[in-house]
Amino acid sequence: MSGIIDSSSIINSYIPVAVFLVVSLLMPPVTMLLVKLLSPRSKAAGKHSTYECGSEPLGDARIQFNVEYYLYAIAFVLFDIEVLFLYPWAVVYKGAGVDTMVAVVEMLIFIFVLLFGYVFLWKKGALKWLN
Amino acid sequence: MDVPDILFNPWFRSICGLGLIGAIFMGAMLTVWFERKLSGDIQSRIGPKYVGPFGIFQLVADAIKLLTKEDLIPAKADKLLFVSAPIALMGSVFLMLVAIPFGAIVLNGTEYPIAITDMDISILYIEAVSSIAILGSFMYAYSSNNKYSLLGAFRNFARMIGYEVPLGITIVSVAIMVGSLNLVEIAQAQNPIWFIFLQPIGFIVFFVAMMADMGRLPFDQNESEEELVAGWITEYSGMRFGLGFFAEYIHLILGSMLVVLLFLGGWNLPLFLTDITVLGVILPTVYFLLKVVLVILTIIMLRWAVPRFGIDQVVDMSWKKLLPLSLLNLGWAIVLGLYMGV
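Top line first, the protein sequences correspond to chains C and X. Heads up: the first sequence begins at 1 in my numbering, then just goes up one per residue. Heads up: the second sequence begins at 1 in my numbering, then just goes up one per residue.
The following block holds chain C by itself, in its conformation from the complex (with noise of 0.2 Å):
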């Protein structure tokens, strides 16, 4: 804490962010029965039919398609849950009660291993884009 808010209890930090949060819920409706207001209406055919560079659309958009970066989502799984147990490491590993070399190195070797994952991926060819 850098003395911008009252630091008394913890929940003071997020008042505020609760605070934006309803008022983002509630902005865009608001917004939108503004435009209700002011704007014009028409009945016109075939308003809203969807957009489909002006020919009929063909079928339905929600179809099965292939994924071509699955593989890459499986790895990217594994890679941003490793950057999240970097973040509290970075903050603890100079703190009071942690020896700092044994931090580092618990650190290292665990990188290292992720390491060896990846470029086992690489190698195996999971790293490309399937056609």
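Be careful, since some hints might not be right.
[Unchecked claim] Calculated cross-link-like contacts (lysine-lysine; reagent style PhoX-like; alpha-carbon spacing at most 25 Å):
hint : chain 1 : residue 1 : chain 2 : residue 2
1    : X       : K320      : C       : K128
2    : X       : K321      : C       : K47
3    : X       : K69       : C       : K43
4    : X       : K321      : C       : K128
5    : X       : K321      : C       : K123
6    : X       : K69       : C       : K36
7    : X       : K79       : C       : K36
[Claimed, not checked] Where chain C lies over chain X, by a calculated footprint (3+ residues, C-beta under 8 Å):
hint : stretch
8    : 89-100
9    : 137-150
10   : 160-166
11   : 317-327
If you're looking for bench data, these hints aren't it; they were derived computationally from the structure. Think of the CB as a built atom: it goes at the ideal place given N, C-alpha and C, for glycine as much as any other residue.
Given the structure of chain C, go ahead and fit chain X onto it with the hints provided.
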């Protein structure tokens, strides 16, 4: 001079903070005008000209136009998702706004950062809420039931899978140097040496990943107006389109602020000019905003200098170049952190 206690009251701060929403909307409008004018200059056109001096009120006219346009919901769209998508996108940028410091004022040699709230984990919090924007733009696309939108949304996800990991690792590299996830403390730790000088590789990775996060050209594959009409926002018109558009520009401003706060010294000046900060009460804020404008200027000029990448190139580049570079930078940051003994 004593600072009155009410200034630290969280409720008072939130009410005052609501004024900032207005300010950031003005900022977004100015950014749009700035981008159109600058794009015009770069392409030997004039750009906005007629509304006010140098066309500066063009965006006010545009906002009035958007307010008076009919609210259209396509018949095949998922109504609930269609209506709630702008809320998700706006909510994401509003929640980011809460935790970002906007500069500092100096009174009697004490530095008071200007921010609505202050939390120990602000950079982690901002990372989290800025990811809601991805969900918001997917809601935009999926609810439209339009093929172009869906393609745009899937490209958006592919891009996010690429940049999110290097972005997170560079943020951790900065946090290692400071030993804190608090943005105010990160900015204050850069007096007198900015982190761009200590971690140049980290800055490059962060800047590229942040451009991808903001969806600016050359990373706007989810929109790519030359091939996908307007990508994720194709079916939207009137004010619903305007809300998504504004959210994107606010994201641009806040992202540039993050670049300045993490790597360009926040409201500090480099080494040789640090003493000036005690002279002026609002000078640090002026420096901060000037730096933000410079970053936005760079991003806008990059738009016209670099062609758009293919989505496979983006994912390839993120995983095979940015990720190894960010890991290299993480190792360098650990060495620096041990050596500097902050």
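Status of the hints after comparison with the structure:
1. K320/X with K128/C: Within the cut-off at roughly 10 Å; holds.
2. K321/X with K47/C: This hinted pair is violated, its Cα atoms lying about 47 Å apart.
3. K69/X with K43/C: holds (14 Å)
4. K321/X with K128/C: Given pair K321/X, K128/C holds - Cα atoms ~13 Å apart, limit 25 Å.
5. K321/X with K123/C: holds (15 Å)
6. K69/X with K36/C: Cα-Cα ~9 Å, so holds.
7. K79/X with K36/C: holds (16 Å)
8. 89-100: holds (count 7)
9. 137-150: Check passed, 8 qualifying residues.
10. 160-166: holds (count 4)
11. 317-327: holds (count 4)
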